[in-house]
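Chains as they are written, first to last, in the working numbering: chain A, 1 to 96; chain B, 97 to 582.
None of these hints come from the bench; they were simulated from the model.
Glycine residues also receive a C-beta, built at the ideal position from the N, C-alpha and C atoms.
Hints are supplied without guarantee of correctness; some may be wrong.
[Claimed, not checked] Footprint (simulated), chain B over chain A, 3 or more residues, beta carbon under 8 Å:
1) 4–12
2) 22–36
3) 41–55
4) 58–66
5) 71–77
6) 81–91
[Claimed, not checked] The calculated DSBU-like cross-link candidates involving lysine-lysine, where the alpha carbons are at most 30 Å apart (straight line), are:
7) B:490 / B:509
8) B:432 / A:93
9) B:352 / B:475
10) A:93 / B:490
[Claimed, not checked] Computed Cβ-Cβ distance ranges for the label pairs, DEER-style:
11) A:50 / B:162: 31 to 41 Å
12) B:162 / A:49: 51 to 61 Å
13) A:88 / B:542: 53 to 63 Å
14) B:162 / A:43: 37 to 47 Å
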Amino acid sequence: MTLTRRDVENIAHLARLEITEAELPVYVGSLSAILAFVEQLSGAATADVVPMAHPLEGQVQPLREDCVTESDRREAFQANAPAVEAGLYLVPKVIE
Amino acid sequence: MSLHLSTAAELGRGIAARKYSSVEVARHFLDRIGRSGPGLNAFVTVTGERALEDARRADARVARGEGGPLTGVPLAHKDIFCTAGILTSCGSRMLSNFVAPYDATVVERLDAAGMVLLGKTNMDEFAMGSSNETSYYGPVKNPWDTARVPGGSSGGSAAAVAARIAPVATGTDTGGSIRQPGALTGLTGFKPTYGRVSRYGMIAFASSLDQAGVLAQSAEDAALVLAAMAGHDPRDSTSVATPVPDYTAALARPLKGLRIGIISEFFGEGLDAGTGAAVRAAIDAFRAEGATVEELSLPNLPLSVPTYYVVAPAECSSNLSRYDGVRFGHRCKDPKDLLDLYKRTRGEGFGAEVKRRIMTGTYVLSAGYYDAYYLKAQKVRSLINDDFRRAFAKVDVLMGPTAPTPAFRIGAKTDDPILMYLNDIYTIGANLAGLPAVSVPCGLVDGLPVGLQIIGPHFAEERLLGAAHAWQRATDWHRRLPPAFA
């Protein structure tokens, strides 16, 4: 699998990553190499194999009572935010 | 004073017997960190004042007769665990300004055991790396040879314990990140069963693989710390409710009758001859002590690395989508719109390897490629899991090398991601199957430590600790120190 510059630009866009002109050829090379490397999986016979998503068999998602267990710590959490105002997170204007 | 030559268990006994105080011990290690920490680049943050406060509290607790085996013993946390009020960087520029608002469960539990926090250790960015060269805070050096890597991603924890500037440290293991640095620095690196230790407050990389564990001087230290860390946590939905057995009692398990399987696929091409010989000799020693040994083939295991490099990047691309410059972490300057905010924040905040893995994951999950890559990898993961299950029907534990070579030179593999990924060729299988595994030191090759890996079935921690401890009673590899730090 060989990726083109256009492919990598598209992947970077989907991943919301800005990639510089200088980085682009490096990623074209290394991502192509990684995809070529994982290509060996296609040789494995997996016709009737059930895909494994979780390492522990029979593990079920535990459920708990739907009740409030957390206290309000908005100020503490927002202390890490780059920009807040009146308890709200600030982002660039989204709707014109 | 040679307090640093004591294991964590020995320090705990010394403090309990009032031979020395926790404050004295903390000062001793802080002093060693001050002298050797910067050269090794093992710590991102040293919490000197906090350590002394913790130590004073531990001494008071011991004086009241309320201490446990770890009360007053210092430790370092990998900087992937959230520590309330302390920078929690995950080795990334993205979180280089992130002061965690709460403690991870692991941090909370070891704190409750009375352990003393020395600081937060350097690591590969977001735990993605096998050499500790991807950290925003720069590479960590191996105390055995500072021109070489300590392994990764828990390389700061490994270097700190190997240099005895911390008696014990936490780590996380997604594809070998505890065991491989353990092997490369001469430590006991223990990765428990998936779900055995809570991941609440442990920054996520690949959620079907990540597990917390410990980098220790001995199996006994690993047992003590693991006993304090493990157990169900309602705040982590993947944490299992299975009761935690008595890990220290498990240390006394005899080797006689232990059925050992040697993974034949782990002794093929790519294994350094000296490493292979040391591991073979160690397995022979187990046989001499009354264990039985047979060679087994796990034919799908060679597909571990390609399987991992689909599954782990896929999960990472999803987990790391939370870093958007809005609620916490780095934000780019003057974003012109929301898309620009996301792209530049993430482009600037993540390093090259993290971006590579996010893009790999984005690609294998994208429309038209999902079945060919991600679903296929999950099926091969099933085959690998079946190989392990068949093997454990015949033997109690599996053994082989932890890493293919001793520590390599800083910079030797940074230009070739595939070459770097192959460092984890022997460790990834246990992560894919969720198995517990430990690396124990079993020799020196050209003055550099090598590790024997012991893998067990799910929740067989006791068996691994028993085997590792028996090995350490018979040998002294785990008590060898890097000459410059003795």
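### Query
Are there at least three residues in the segment 22–36 of chain A whose beta carbon sits under 8 Å from a beta carbon of chain B?
n = 8 at 8 Å, threshold three: holds.
### Proposed proximity, residue 475 of chain B with residue 352 of chain B (alpha carbon, max 30 Å)
Cα-Cα ~37 Å, so violated.
### Message
Can you tell me whether the CB distance of residue 162 of chain B to residue 43 of chain A sits inside 37 to 47 Å?
### Response
violated (60 Å)
### Distance restraint between residue 93 of chain A and residue 490 of chain B, which requires alpha-carbon spacing of 30 Å or less
violated (63 Å)
#### Entry: Status of the given 51 to 61 Å range, CB of residue 49 of chain A versus CB of residue 162 of chain B
holds (53 Å)
### Message
Taking the Cβ atom of residue 50 of chain A and the Cβ atom of residue 162 of chain B, is their distance within the range 31 to 41 Å?
### Response
Violated - the Cβ-Cβ distance for residue 50 of chain A and residue 162 of chain B, about 51 Å, lies outside 31 to 41 Å.
### Task
Establish whether the coverage given for the segment 58–66 of chain A by chain B is satisfied; the threshold is a Cβ-Cβ distance below 8 Å, and no fewer than three residues must meet it.
holds (count 4)
### Query
Cβ-Cβ distance between residue 88 of chain A and residue 542 of chain B: within 53 to 63 Å?
At 60 Å between Cβs, range holds.
### Task
Decide if the proposed pair is consistent with the structure: residue 490 of chain B and residue 509 of chain B, CA atoms, cutoff 30 Å inclusive.
violated (38 Å)
### Task
Establish whether the coverage given for the segment 71–77 of chain A by chain B is satisfied; the threshold is a Cβ-Cβ distance below 8 Å, and no fewer than three residues must meet it.
Satisfied; 3 residues make the cut.
### Query
the segment 41–55 of chain A covered by chain B? Criterion: 3 or more residues, Cβ-Cβ distance below 8 Å.
holds (count 11)
### Query
When you check the alpha-carbon spacing of residue 432 of chain B and residue 93 of chain A, does it fall within 30 Å?
Measuring from Cα to Cα gives roughly 9 Å; hence the hint holds.
Of the numbered hints stated above, those contradicted by the structure are hints 7, 9, 10, 11, 14, listed in ascending order.
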